[in-house]
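Undergrad: Turn these sequences into a full structure, and let the hints steer you where they fit.
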Amino acid sequence: MNKKLTDGINTTFITLVVLSLLVIFLSPFAFMMVTSLKTREQISVVGAPIWPAAQPKYTYQGKEVDVYTVPLKQCAGFDTNGNATKNLAITKKGRQESTFVDPNDLGRGEFVCQVSWRALDRPWIFSPTWQNYVEVWNTIPNGYWRILGNTTFYAVVTMIGTVISCILVAYGFARFRFPGRDFLFIVLISTIFLPGAVTIIPTYSFWQKLGLVGTWYPLIVPHFFANAYNVFLFRQYFMTLPRELDESAMMDGAGPLKILWSIILPQSYPVIIAVVVFHIVFAWNDYFGPLVYLSTAKQNWPVSVALSFYNGIYGSQPQLIQAGAMMALLLPVILFFVAQRFFVQGIVVTGVEK
Amino acid sequence: MLEQLNTKLRKLPSSLATVRKMQTLSRKEMKNGLWFLSPWLFGFMAFTLLPMLATLFFSFLNLRITDGIFSTPKFVGFDNYAKLLNDPQAGINPLEWFSSKTPSSLLITIKFGLIALPIGIFVPLGLALLMNNKYLKGQFVFRSLFYMPFIVPFVASIFLWGGMLNSETGWINRVLFSLGVPKENLPLWANDVNTVYPTYVIMGIWGIGNAMLVMLAGLQGVPTELYDAAKVDGANSWATFWNITFPMISPVIFYNLVLNIVGLFQYFLVPLVVNSGTGSPGGATMFYNLYLYKTFFTFQNMSYGSTLAWFLFLVILLITILLFATAKYWVYYAAEARS
Chain E
2 MNKKLTDGIN
12 TTFITLVVLS
22 LLVIFLSPFA
32 FMMVTSLKTR
42 EQISVVGAPI
52 WPAAQPKYTY
62 QGKEVDVYTV
72 PLKQCAGFDT
82 NGNATKNLAI
92 TKKGRQESTF
102 VDPNDLGRGE
112 FVCQVSWRAL
122 DRPWIFSPTW
132 QNYVEVWNTI
142 PNGYWRILGN
152 TTFYAVVTMI
162 GTVISCILVA
172 YGFARFRFPG
182 RDFLFIVLIS
192 TIFLPGAVTI
202 IPTYSFWQKL
212 GLVGTWYPLI
222 VPHFFANAYN
232 VFLFRQYFMT
242 LPRELDESAM
252 MDGAGPLKIL
262 WSIILPQSYP
272 VIIAVVVFHI
282 VFAWNDYFGP
292 LVYLSTAKQN
302 WPVSVALSFY
312 NGIYGSQPQL
322 IQAGAMMALL
332 LPVILFFVAQ
342 RFFVQGIVVT
352 GVEK
Chain X
255 MLEQLNTKLR
265 KLPSSLATVR
275 KMQTLSRKEM
285 KNGLWFLSPW
295 LFGFMAFTLL
305 PMLATLFFSF
315 LNLRITDGIF
325 STPKFVGFDN
335 YAKLLNDPQA
345 GINPLEWFSS
355 KTPSSLLITI
365 KFGLIALPIG
375 IFVPLGLALL
385 MNNKYLKGQF
395 VFRSLFYMPF
405 IVPFVASIFL
415 WGGMLNSETG
425 WINRVLFSLG
435 VPKENLPLWA
445 NDVNTVYPTY
455 VIMGIWGIGN
465 AMLVMLAGLQ
475 GVPTELYDAA
485 KVDGANSWAT
495 FWNITFPMIS
505 PVIFYNLVLN
515 IVGLFQYFLV
525 PLVVNSGTGS
535 PGGATMFYNL
545 YLYKTFFTFQ
555 NMSYGSTLAW
565 FLFLVILLIT
575 ILLFATAKYW
585 VYYAAEARS
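First to last, the protein sequences are chains E and X.
157 is the number that the numbering used here gives to position 156 of the first sequence; each next residue is one higher, with no gaps.
284 is the number that the numbering used here gives to position 30 of the second sequence; each next residue is one higher, with no gaps.
No lab work stands behind these hints, which were simulated from the structure alone.
Among the hints, a few may not be true.
[As the list claims (entries may be wrong)] Partial list, derived from the structure: chain X residues whose beta carbon lies under 8 Å from chain E:
id : residue
1  : 410
2  : 413
3  : 527
4  : 543
[As the list claims (entries may be wrong)] Taking lysine to any residue pairs in the SDA-like style, the calculated list, with each CA pair at most 25 Å apart, reads:
id : chain 1 : residue 1 : chain 2 : residue 2
5  : E       : 4         : X       : 482
6  : X       : 548       : E       : 211
7  : X       : 388       : E       : 25
8  : E       : 299       : X       : 551
9  : X       : 548       : E       : 207
10 : X       : 548       : E       : 216
11 : X       : 282       : E       : 253
12 : E       : 4         : X       : 486
13 : X       : 285       : E       : 253
14 : E       : 259       : X       : 278
15 : E       : 4         : X       : 491
16 : X       : 437       : E       : 31
17 : E       : 210       : X       : 298
18 : X       : 548       : E       : 195
19 : E       : 4         : X       : 483
20 : X       : 437       : E       : 47
21 : E       : 4         : X       : 390
22 : X       : 582       : E       : 349
23 : X       : 282       : E       : 169
24 : X       : 548       : E       : 205
25 : E       : 210       : X       : 329
26 : X       : 328       : E       : 206
27 : E       : 74        : E       : 120
28 : E       : 210       : X       : 306
29 : X       : 391       : E       : 7
30 : X       : 388       : E       : 352
31 : X       : 282       : E       : 244
32 : X       : 548       : E       : 223
33 : E       : 210       : X       : 311
34 : X       : 328       : E       : 211
35 : X       : 548       : E       : 297
36 : E       : 4         : X       : 478
C-beta atoms are modelled at their ideal positions from N, C-alpha and C, and glycine is treated no differently.
TA: Structural data, given as structure tokens:
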């Protein structure tokens, strides 16, 4: 076998394997979309198709009648040997014989078939409904506008705090030499491995004593004091920037803040975008923080908490839950695809360099 | 000679001035540096160090939220720790793991870890190896799509999987049924003691995108010369993997292992949402951290919760130290080896 052919076979094989893994891996998305487009009636019918479908009805002489799949050989005026079936509207139900009309051939008029209507199947036709999304939008606690607003508020305010504080701290670690700096950096990095359980009890009690549980403060304030991941990302990036520009600016009498603002930051947009996107996705998806501090303050619920309470009420209606899940994941997923490049770079820096 | 000394002496004041100038410079640098670090220094004190110490302090008191904020807590010494040792629900005493009627939450955490940790390392590694395969077309697209579930909000992903794994309407059981599994043998997933851990693992596999990307970057960083050399030596792909690829990416694997273990001991949101934090079915999902969470937030026992928290912290610390101690035997740091 020549090399080109084996290469071709290998490529096809590997790509097909990965593709089928991907299809399995992403199948919950398909489940979610399909379920969110189903009607409540379809969910409750045993043996209904897995795609969104409805059983058609037909209006005949001002009356709404059901449609059944009928074997034509049982009907008067059709070929008695064929195996053809047709979807016909029933006008008179009977145990021995029923009367039908053909919606596509009204000229034929009503005709009788030797079938019991109970033995017939009703056909399913593809028919997605958007009604579930409308229903979730209106019935989710506070209404969707409100929880969208809450989530956006939380994401944007904490994003500003995180970006500003982490840039300042990372600049301190990247550009200034002083005794103890490397030790402090190790302390900073080790907080990544610190279990949150060992700080949550006093922290919660503290906010509770201040009477601020149920407000935004416990969730927002800590983000203004930097965190290990983002400081690390910024620092690694700042360290790759040449010092010459800093130094010449220093000669010209620029102070450290001025250098940060006019020399470092203009060169750092990729890492700033990465942190902004990471943070927005984090805040959008954050569940534990808002659950702990906001569960008693319904008016402040973000999407994640509202959705989990919604599940408590509508858990038995999968079409609504899946529509709600879809609405919650849309923004982070879109953001991810838009800012993919920065995302991937950021993850690689934190993960590989550590 | 004298002349030399003379010039030196004449130069002295200026060099002293330089030293002094350098001292003021470095003092200034330190001042500036600390000024920039101050947000984190303050945040670390206020939101990490002090709360940690307060947690330790609480664990020696008898403090309950229900007692009201004006009650004066009593110092009880090691009473809470004695309680912890004899608490079957916490179950920190291995001697009682298999005799106690109440399932030990620590044992539950460890049991789950025995399934979840290897999967949490080898599945992303395997996927990264596939992504890195030179025959794969469209690597970039695949990489993004495998990563994507990682950014799905936690609650939404739980609901997606809750639907997928629904014993009656979920797709997984539909597939099993069409493969010939009789209806009465279809798994109940999160509602059955025997399948609840695999259910959590399946939900967890959805979030491996991050680990996969990091491992993939590690794989791509392995110098190709090494592979060429192995080829020349006639090494097969298995030998190449264990002698070149694995050592070269061992720092990344190590980092993920530490993160996964820390995550394991803090595992509680999934059982809280999926099985409503009750430990159902049959107490099998009362993870250690869930028990801690309930002790504090539901039973409002601050002191005992703090005791559980410090014990958790010590366990994680010990494991991390042990891991770092073993690292020198299997983690290869290229930069250190070179210098």
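Undergrad: Broken hints, numbered, in rising order?
TA: none
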